[in-house]
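In the order they appear, the protein sequences are chains A and B. For the first sequence, the UniProt record's numbering begins at 1 and goes up steadily by one. For the second sequence, the UniProt record's numbering begins at 1 and goes up steadily by one.
Worth flagging that the hints you see were computed from the coordinates, not collected in a lab. Treat the hints loosely; a few may be bogus.
[Said to hold, decoys possible] Within a straight-line C-alpha distance of at most 20 Å, the following computed SDA-like cross-link-like pairs (lysine to any residue) qualify:
id, chain 1, residue 1, chain 2, residue 2
1, A, Lys390, A, Arg328
2, A, Lys356, B, His12
3, B, Lys91, A, Asp335
4, A, Lys390, B, Ser56
5, A, Lys303, A, Leu419
6, A, Lys356, B, Glu8
7, B, Lys91, A, Arg328
8, B, Lys91, A, Met386
9, B, Lys18, A, Gly352
Treat the numbers as computed from the prediction; the structure is a model and nothing was measured.
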Amino acid sequence: MNYFKTDLASLHADLVAKKISSKELTQATFDNIKATDPKVDAFLNLNEEAALKQAAEIDAQGISADQPLAGIPVALKDNIVTKGMKTTAASKMLADFTPVYDATVTEKLAQAQMITVGKTNMDEFAMGGSTENSAFKTTKNAWDQTKVPGGSSGGSATAVASGQVPAALGSDTGGSIRQPASFNGIVGIKPTYGRVSRWGLIAFGSSLDQIGPLTHGVKDNASVLSAISGHDDHDLTSSTQAVPDFAAELNEATSVKGMRIGLPKEFLAEGVSDDVKAAILAAADTYRKLGATVDEVSLPHNKYGVAAYYIIASSEASSNLQRFDGIRYGYRAQDVQNLEDVYVKSRSEGFGDEVKRRIMLGTFSLSAGFYDAYFLKAAKVRTVIMNDFKAVLKDHDFIMGPVAPTPAFGIGAEIKDPLTMYMNDVLTIPVNLAGLPGLSLPAGFSNNLPVGMQLIGRPFDESTLYKAGYAFEQNTDFHLQVPTLGGQN
Amino acid sequence: MANRINREQVQHVAGLAKLEFTDAQLDAFTPQLDDIIGLFETLSEVDTEGVEATSSVSDQLNVMREDVADNWGQSQALLKNAPDAARGFIKVPAIIDESEDN
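Same shape as in the complex, but just chain B:
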């Protein structure tokens, strides 16, 4: 079990993704991710020597447009979607970890 990705690696990736998991979740996720990464590894069977990578299938290239503001002046409606707001600003918790001061 879990030979492609282990618990510690899952925790490392979770850190990069700004997610956290309980022990029970890690127990469930690790083998699932391991199975899926096993599927990913089947791609090594495909010969891609000299093949270009595809990142877009759009038929448009380097499209230019005027940089004109539209749909502005909606700060009140936007602030309604903020989890917390005061005096026209989005309010966030103190960003300095007070527990680190001790």
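The shape of chain A in the complex, shown without the other chains:
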């Protein structure tokens, strides 16, 4: 079966009423993945045997009304560690790596009794915006298999968009959940930094990384975020803020009436395609009709976000990826003469080009003589960008704009031009630098490809974003349209 015409609440109701068992649902999910994945290549590994066993156990215990996610399949991006289940970060470096512990989010999903059906493809170590940097395969966009799914959580986005799973987890360092959600016409959130524990997320840029859910609809997204959020002793940057039941706040009465929304003029500037601009202006009109005020505002330093980000994220990555040295785990080169050779050859053979580029940029930015001009400067510009957001969010409930300047581009179109690829993240990166929550949801189409809208909120105010997203969803039908994968829907 596919998950186009259902949601988590209906699946839960069917499971509680025993219209379907979790084992039947899980088996049908694998059958559908096997039928559709050759076309889209969303998955790196399936977890069939263990998943069916877990589903049977859940059926035997019975699913009660207070376990809203129990018995429902979910997919995880392959940089989230899963005990006993191969976790590769889509790198040759970790091609045979089997973790000995579960990430906190993996554990939390298991406590909620969700069924992990498999691990999804991604850009190697989450570095990239097209999933073309995977060492293993290129995932296709659910809407057009000649287009990229976006990245780096491209496998998770395509898996949800093509109806293979009702929900998936991704990670977002500079847009890696929001941009693929946008390219695939689904909902994705980058939560506030610290909302979700990063324990067991293979580290890329530790001051920027957050895990978040990708789903068909806003309410489903809210349900999964509540399940994975909260303080964790294993991640000392995770927040002690209370976790609301986000989905419980969404109903027919949910409204944006009286809200003040900021639409930064920089978000509609040069580089943003006409169709994307039109979709966002139409969305602003929808919000006005629903009783909100939309003001033009300014984030004057937005354009410096990409430069600051590629210094900071690459510096953190160059440090985080030092651990891959060919000694304790991961790839080790064969033809080596001495210890230095083990390090250099293992890293040079085990990492792909984009990962090496980031390590080089980071090492350069942190090296003697360049630290002040690059790393320290970027860390100060980060403060300036944060202050821009603070000023706007002081008297606006949230900020709206596009997710990406264009819809999905062609496979192979930008992979040889890293700078062009980096500029695709100009509207998502500043949100990571500032640690704010960002929600991506469907807001239109351009030549039959989805266009996404981004809502950016105050720290730990995911509630407002979900309410605004839900109100938009209730008054538009973009989220109801689904791709015709071989005409199966």
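With chain A fixed as given, assemble chain B onto it according to the hints.
Leaving out everything else, chain B in the frame of chain A:
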């Protein structure tokens, strides 16, 4: 071309990062890195006089916890991930460069 970073500097940084590149890779990487560093240099347009650097956006400061071991006793599972292991140890190639003895 390549006025912000040259081939020799790229090789120097590669050495620091424990990476090596072929000549063809250096030909491709050097101008790419040069372009990206050109983007980095646009940051000099931003006035950051008196601005503090941000290194963390977490709302947690100085978090303490008990130093208690957990999830231990998995040496066999851990050794399975090692590229080479013997008798409960990770095996590495000889670390002394024998070619240097000559």
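Here's how the hints hold up against the structure:
Using a Cα cut-off of 20 Å, the hinted pair Lys390 (chain A) and Arg328 (chain A) is violated, with the two alpha carbons roughly 44 Å apart. Restraint check: the Cα-Cα separation between Lys356 (chain A) and His12 (chain B) comes to about 14 Å, which is no more than 20 Å; the hinted pair holds. Only pairs whose Cα atoms come within 20 Å are accepted, and Lys91 (chain B) paired with Asp335 (chain A) is accepted, the gap being roughly 15 Å. At most 20 Å may separate the alpha-carbon atoms for a hinted pair to count; Lys390 (chain A) and Ser56 (chain B) meet this at roughly 16 Å.
A hinted pair counts as satisfied when its Cα atoms are at most 20 Å apart, and Lys303 (chain A) with Leu419 (chain A) qualifies at roughly 14 Å. The hinted pair formed by Lys356 (chain A) and Glu8 (chain B) meets the criterion: a straight-line CA distance of about 17 Å does not exceed 20 Å. In summary, the hint linking Lys91 (chain B) to Arg328 (chain A) is supported, as the alpha carbons are separated by about 9 Å, within the 20 Å threshold. For the hint pairing Lys91 (chain B) with Met386 (chain A), the CA-to-CA distance comes to about 48 Å; that exceeds 20 Å, so the pair is violated.
A threshold of 20 Å between alpha carbons decides the hint, and for Lys18 (chain B) with Gly352 (chain A) the separation of about 14 Å falls inside it, so the pair holds.
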